[in-house]
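Single-letter residue listing:
2 protein chains.
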Amino acid sequence: MGLKVYADRISPPSRAILIFCKVNGIDFEEIQVEILKNQQYSSEYKAINPMHQVPAIADGRFKLFESHAILIYLSCAFPGVASHWYPSDLFKRAKIHSILDWHHSNLRRGSAGLIFNTYVAPVKGLPSYPQVTKESEQILIRSLSKLEFFWLKDGQFLLGSSQPSIADLCLVCEIMELELQSEEDCHRILSPYKKVVRWMEDTKSATAPHFDEVHEVLFKSQKGIREWMTTQSVKTELKSKM
Amino acid sequence: MGLKVYADRISPPSRAILIFCKVNGIDFEEIQVEILKNQQYSSEYKAINPMHQVPAIADGRFKLFESHAILIYLSCAFPGVASHWYPSDLFKRAKIHSILDWHHSNLRRGSAGLIFNTYVAPVKGLPSYPQVTKESEQILIRSLSKLEFFWLKDGQFLLGSSQPSIADLCLVCEIMELELQSEEDCHRILSPYKKVVRWMEDTKSATAPHFDEVHEVLFKSQKGIREWMTTQSVKTELKSKM
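Protein sequence lines, in the order shown, are assigned to chains A and B. At position 147 of the first sequence the residue is numbered 147 (the working numbering), and the sequence of numbers has no breaks. At position 30 of the second sequence the residue is numbered 30 (the working numbering), and the sequence of numbers has no breaks.
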């Protein structure tokens, strides 16, 4: 009855949990729940997470969902986890909670809204709303700006730390989702934020080789989505000429 | 240099912090930041919370924003706080984090989206989107259903507890915002959820008399908004007859 991690590597919070476990030498079994195949709605998974989302964990009989809560739990429940991930200092811990809460309504909202409306919805044949896409991109850009000029103003990692915390890992995995976009869009959105780009590289290095290994699925999806988008735009162009 | 709480009682997370401090006998100074007057954008307040949102605190030189992070900090930093608000047990604490994280993307997203688009935007002369209003109400209804049939399934308070935690207080203050609606809308949305309604009453009782005192501003705004909405609908009716 060891630790089970229910995850889909296409989801940023799933990747954060998987990388965290691997980097900290936590023994776990990864159970794939493919969201594009709606496996999160199975009755089997409902018993793990009735909210039908990934990631979730089962540690023996203890079940938990919501990625930030899971990362805090793992940091406290597994003694081998290095203290920089979730420092016991009251003030540092409070600031980590503050970033993670901010993440929900800002960076995640912007990034998830943009990716869903621009790529996931068209691929799955679901409706997408241009107004929501526009607003999501605005929220995302504002969030990247806050990261650049506020959260990362004091050092290599968030809050001026020299080593990553669970907040660094969560936020970087979120921003990685932008890689699903075209190369031009990804560059247009990210490149003005030099500190953010450097911090992403530093977080990757601090969690190597697990970061790239867990992100492999994303890179493969990126290739597939980019090809699909090109086919769609060729089709549209052909139609307009007919 | 005691504790300062920057709040606007019209905001649900502000009310949660104020009630928490009063119930737990925490000595603090309340500093009003009126969001309808855009006081959150002043340069003075930017030094407290560069995200321009309420609530925020300054405990001596330590500044913090995001209401969940603040409630956790206050629970740990002030020894007089009763343990049921944020139990030290690893598993209970993990479940409280899980609810608070769930709150961000579900109950809060639904409630805030609905209230903003239906009442705040028209009163402030800002654009509102019927599609967003509709989606927000759907998210809200789904969240109330999850509260009724999952989070409140085991007892009087969340997670089967017999006393409230910071999660109970946050979520009940959020749902109270629905009081800004017309009596019919409020009844239509809330009344199918009997456990939710009882739990709200229990949370009010457990935090009396501070709960009602801090919510007084909301009840006054409710009166003003309902009068304003009636005037607007009379105007629209008159116009349609002209």
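You may find that some hints are simply not true.
[Claimed, not checked] Computed from the model, here is a short list of chain A residues facing chain B with C-beta under 10 Å:
| # | residue |
| --- | --- |
| 1 | Y41 |
| 2 | E44 |
| 3 | I48 |
| 4 | H68 |
| 5 | G80 |
| 6 | V81 |
| 7 | A82 |
| 8 | H104 |
| 9 | R108 |
| 10 | F149 |
Read the hints as simulated data drawn from the structure, not as lab findings. In this text the structure is predicted, and so the values were computed from the model without any measurement. Beta carbons are placed, not taken as given, at the ideal position from N, Cα and C, and that holds for glycine.
Subject >> Numbers of the earlier hints that this structure fails to satisfy, in rising order >> reply: Those not satisfied are hints 1, 2, 3, 5, 6 and 7.
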